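Now for the letters of each chain:
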Amino acid sequence: MSKVLYRDIMPYLLFIICFIPTLFSYYFNIPLLSKLTYELRGWSTLIGVTAMFLGLCNIIIYNYRTIKERKAGWQFGVYTIVLVFSWIIAGLYFGGLASPAYQQMYIYIKAQCWSAQIGLLTFFFVSAAFRTFRAKNLQALVLLIFAFIPFIGLAPWGEQIWPGWPAFSSWILDNVAMAGSRAIVIAASVGLVVMITRIVLRYEKGGLVRG
Amino acid sequence: MKEEVSEITWSKLLELRPEWLWLITLILIIAPMIFPIHAPFRINESTLRVYEFVENLPEGSVVVSGGAGNYAFMYETSAAFIAFLNQIKNRDIKLIIFPLHPDSLMFEPWAIRVAGFDKVKEYGKDWVILNYIPGGSYITLPAFMQDIKGLCRTDLYGTPLDELPIFNNVDNYEDIDLWVDCGANSMWSLVRYVAPYHVPIIGFVHSAYYPMFQPFKAAGLVYEFTNGIRGGAEYEKLVGYTPWNLGTITMDAYNLYSIYVLILVILANIGTQILKKGGCV
Amino acid sequence: MFIKGRVVDFVVMVVLFVATWISIYLAHRGKTREIRSIPSLTAVTEGVKRAAEMGRPVFMSAGFGGVGSATTMAGFAMLDVVASECARLEVPLRTTFASSETLGAAEMIVAEAFRREGRPDLYQPGKQVIYFSGEQYAWVAGIGGLMARERPACAVYMGTFFSEALYFGECGARVGALQIGGTTAQLALPLLAMTMDYLMIGEEIYAVAATITKDPVQMGSVTAQDIGKIILYAISVIGVILMLAGSDIVVKLMNT
Numbered sequence: 001m002s003k004v005l006y007r008d009i010m011p012y013l014l015f016i017i018c019f020i021p022t023l024f025s026y027y028f029n030i031p032l033l034s035k036l037t038y039e040l041r042g043w044s045t046l047i048g049v050t051a052m053f054l055g056l057c058n059i060i061i062y063n064y065r066t067i068k069e070r071k072a073g074w075q076f077g078v079y080t081i082v083l084v085f086s087w088i089i090a091g092l093y094f095g096g097l098a099s100p101a102y103q104q105m106y107i108y109i110k111a112q113c114w115s116a117q118i119g120l121l122t123f124f125f126v127s128a129a130f131r132t133f134r135a136k137n138l139q140a141l142v143l144l145i146f147a148f149i150p151f152i153g154l155a156p157w158g159e160q161i162w163p164g165w166p167a168f169s170s171w172i173l174d175n176v177a178m179a180g181s182r183a184i185v186i187a188a189s190v191g192l193v194v195m196i197t198r199i200v201l202r203y204e205k206g207g208l209v210r211g
Numbered sequence: 212m213k214e215e216v217s218e219i220t221w222s223k224l225l226e227l228r229p230e231w232l233w234l235i236t237l238i239l240i241i242a243p244m245i246f247p248i249h250a251p252f253r254i255n256e257s258t259l260r261v262y263e264f265v266e267n268l269p270e271g272s273v274v275v276s277g278g279a280g281n282y283a284f285m286y287e288t289s290a291a292f293i294a295f296l297n298q299i300k301n302r303d304i305k306l307i308i309f310p311l312h313p314d315s316l317m318f319e320p321w322a323i324r325v326a327g328f329d330k331v332k333e334y335g336k337d338w339v340i341l342n343y344i345p346g347g348s349y350i351t352l353p354a355f356m357q358d359i360k361g362l363c364r365t366d367l368y369g370t371p372l373d374e375l376p377i378f379n380n381v382d383n384y385e386d387i388d389l390w391v392d393c394g395a396n397s398m399w400s401l402v403r404y405v406a407p408y409h410v411p412i413i414g415f416v417h418s419a420y421y422p423m424f425q426p427f428k429a430a431g432l433v434y435e436f437t438n439g440i441r442g443g444a445e446y447e448k449l450v451g452y453t454p455w456n457l458g459t460i461t462m463d464a465y466n467l468y469s470i471y472v473l474i475l476v477i478l479a480n481i482g483t484q485i486l487k488k489g490g491c492v
Numbered sequence: 493m494f495i496k497g498r499v500v501d502f503v504v505m506v507v508l509f510v511a512t513w514i515s516i517y518l519a520h521r522g523k524t525r526e527i528r529s530i531p532s533l534t535a536v537t538e539g540v541k542r543a544a545e546m547g548r549p550v551f552m553s554a555g556f557g558g559v560g561s562a563t564t565m566a567g568f569a570m571l572d573v574v575a576s577e578c579a580r581l582e583v584p585l586r587t588t589f590a591s592s593e594t595l596g597a598a599e600m601i602v603a604e605a606f607r608r609e610g611r612p613d614l615y616q617p618g619k620q621v622i623y624f625s626g627e628q629y630a631w632v633a634g635i636g637g638l639m640a641r642e643r644p645a646c647a648v649y650m651g652t653f654f655s656e657a658l659y660f661g662e663c664g665a666r667v668g669a670l671q672i673g674g675t676t677a678q679l680a681l682p683l684l685a686m687t688m689d690y691l692m693i694g695e696e697i698y699a700v701a702a703t704i705t706k707d708p709v710q711m712g713s714v715t716a717q718d719i720g721k722i723i724l725y726a727i728s729v730i731g732v733i734l735m736l737a738g739s740d741i742v743v744k745l746m747n748t
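Chains as they are written, first to last, in our numbering: chain D, 1 to 211; chain X, 212 to 492; chain P, 493 to 748.
Simulated from the structure, these hints should not be mistaken for laboratory data.
Nothing here was measured: the structure is a model prediction, and the numbers come from that model.
Errors might be hidden in some of the hints.
Unchecked claim - The calculated DSS-like cross-link candidates involving lysine-lysine, where the alpha carbons are at most 25 Å apart (straight line), are: (1) K136/D - K360/X; (2) K71/D - K619/P; (3) K496/P - K35/D; (4) K332/X - K360/X; (5) K428/X - K744/P; (6) K360/X - K35/D; (7) K136/D - K223/X.
Assemble the whole structure, with the sequences as input and the hints as a guide.
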C-alpha cells in the first residue's frame, strides 16, 4: 500500500496540485489562483535548485565509483571531480559569479571549449553539403534549390550579382518557409497538449513513477 | 578512353576525403581576417526597423535585456547586441539585464565591457545586472513581469534593489519600454510571458532561427529580429563601425565560404550527372 | 473572468482534451484508425540486422529534451523497440542522453526490454546507457568520440535535437552507419534531412511510437492529434477566406 501511495498516487497528486492552478491562472483572472500560482512558482524555483544540487551529488558519486572500480576512462573521472571542486571553490571563495576570477575562468576555458565544438559545424556543413546536395532526383533538386537561395541571399556577393536576391530570399523565408514552420509548430503544440492530457488522465506515467 | 579518364577523375573528386575540404575551409575563413576584403553589403529592412525603433525610444526609457542561451552561440548574435549597446550608450536609456540562464551572467558583462558601456554609464543608476533565479524562464518570467523586486531581491553583486536608483520608478511590466533578447533560446518563453503584456520585443537571433520566428512577428508578438551575423554586420554599419567589428569581419569570411560551398555543390552535381550518364551511379 | 485573448485558446484546449479522452476510450474498445506505414520504422529493424551481420553496435539517442517532453517520450518508445531488437539479435547497444533525469527512465526501459526478450544477462548497467554531460556540446563531443571508437553500424536519433544534429550526423556518416532520425525541432530538421538516410518529420515520430507499440493510448493519441490539427487548420483556412472577403470576424473571435 505504502509503495503504491509513494510511487504512484503521491507524484500524481503533486502533479495535479501544481498543474491545475497554473493552467487555469493562464486563462482566468481569479486573484486566488494567481496568488497560488505565484507561490507554486516559488516552490518550483526551490525544486530547481535542489535538483541542481542532486545532480552535482550524482556526478560526484558516479565518478567516484568509476575511479574506485577502475572502469574504462577512470582518469576522466579524476579530471571531472577536480574540475567540479575547482569551479565550486572559484565560485564560492573568489567573490562569486560576478568576480573577475570566475568570469575569466568561464570566458577563457568553458566558452573557448564550446566555441571550438560549435566551430566544427562550419567544417561539417561543407562535407555534408558536398555529400548530400547532389540532385539525384527531383526531390533532391528542389531541396538543393531552396537550401541555396537563402544561403546566397545572406552573402554580400549574392546581392552584387542580382540586387533583388536578398528580397527574394526573404520572401522564401517569410512565406514558403514560414508556412512549413507554422504547420510543424501547430502539430508539435497539439502533440504536447495531447501528451499532457495523457498524463492528467493517468495514461502516461513517464517520469512520474519509478519501478 | 577519354571518357573513362574523365569518369575516374570525377569519381575520385566525389570521393574526396573531407579533411581536404576542411583544410580549404580553414584557409578561406582565416585569410580575410589577415587580408580584409571589406566587401560591401546592403542593409536589410528588418535591421533598419530595429535601428529606427531603438533610435526613436524616448529619453528615460527602460530596456530589459533578458536572454538565455549558451555563450558560444553568442558570437553569432553578439555582433547585433554589441551594436545595440553602442547605440544606446550615449543616450539616457536605462538597461536592466535579467539573465534567464547562468551563461548569460558571463555573456552580458562581457558584451557590456566590449561595447564600452560600463565606461560611459553608471552602474546602479543607468544599468544593472540582476541575479540569476533558477527554475527556468517559464517560472521566472511571469513573476518578473508582475513584480520585479518581489522576484529579484538583489542584483548580481548582492545589493538590494531598493538601494539602486534605477529601480526608483521600475516595478513591473508597465515600466518596461523594450525587451531585447540576445540569442534565441528564450524566444518561446518571451512570446508567451512578455508579449501578452504588450511590451515590444526585439530579438537578435541566429540565422537558423530567423525564418522560424517569422510567425511571431507576423502575429505581432515580436516587433522585429536581426538575422544572425549578417544582421549584426548591418546593425554595426548603421550605428557607425570600425572595420574590425565582429559582424563586419565575418562578412568577408562568409563571402568566401559561401562561394566555396556553392562551387563544391556545383562540382558534386556535375560529377554526379557525368557518372550517371556513364552508368557509374 | 477570462483573460482577454485566451477564450478561444481555452476552448480549443478543452476540445483537444475531450477528443483525446474519447479517442483513447475508443481505442481501448478496438476502434482505431489505420496508420500508414512509415519507412523509417522498417529501416530501424533492418539497421539492427545490419549491425548484427557486421558485428558492430547500434547507437540510439533520444536527444536533449527532459523527461516531460513529448518528443522524448516518443524517443523512449523507439528506444524500447531498438533495445528489444538488440536483445533478440545479441547486438551491443549504446544509448546516450543529455539530461540526467532521462537517464533513470532510459535505464529502466533498456533493462525491461532485455528482460522481456529473455536476455537479462546481456544488460550491463552503465554500459548500454551512457551519460556524458548535461551540457549540449560536451554531450555531443562524447557522442562523436563514442562513434569514432565503437563505429556503430546503425544510429537512431529520435527526440529533441538542435544544431548538434549536423555534428553527429556527420560523425555517423564518417563511420558508415545507417542513420535514422526524427524530431519536431525545426532547427534540427534541415540538418537531419542533410545527414540522415531515413527521416521522420514532426508528428511522424508520435505516429511511429503508436505503430511500434500498437498501444491503444498511443493510437488514440494519434487520432486526437489529427482531430486537433484539422480544427486548427480549418480555423486558419476559414479565417483566410473571410479576410480575403473583407471580414475579420475570425481575428476578432481569436482576440476575445
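Each hint tested on the structure:
no. : hint            : result
1   : K136/D - K360/X : violated (60 Å)
2   : K71/D - K619/P  : holds (10 Å)
3   : K496/P - K35/D  : holds (19 Å)
4   : K332/X - K360/X : holds (22 Å)
5   : K428/X - K744/P : holds (18 Å)
6   : K360/X - K35/D  : holds (16 Å)
7   : K136/D - K223/X : holds (18 Å)
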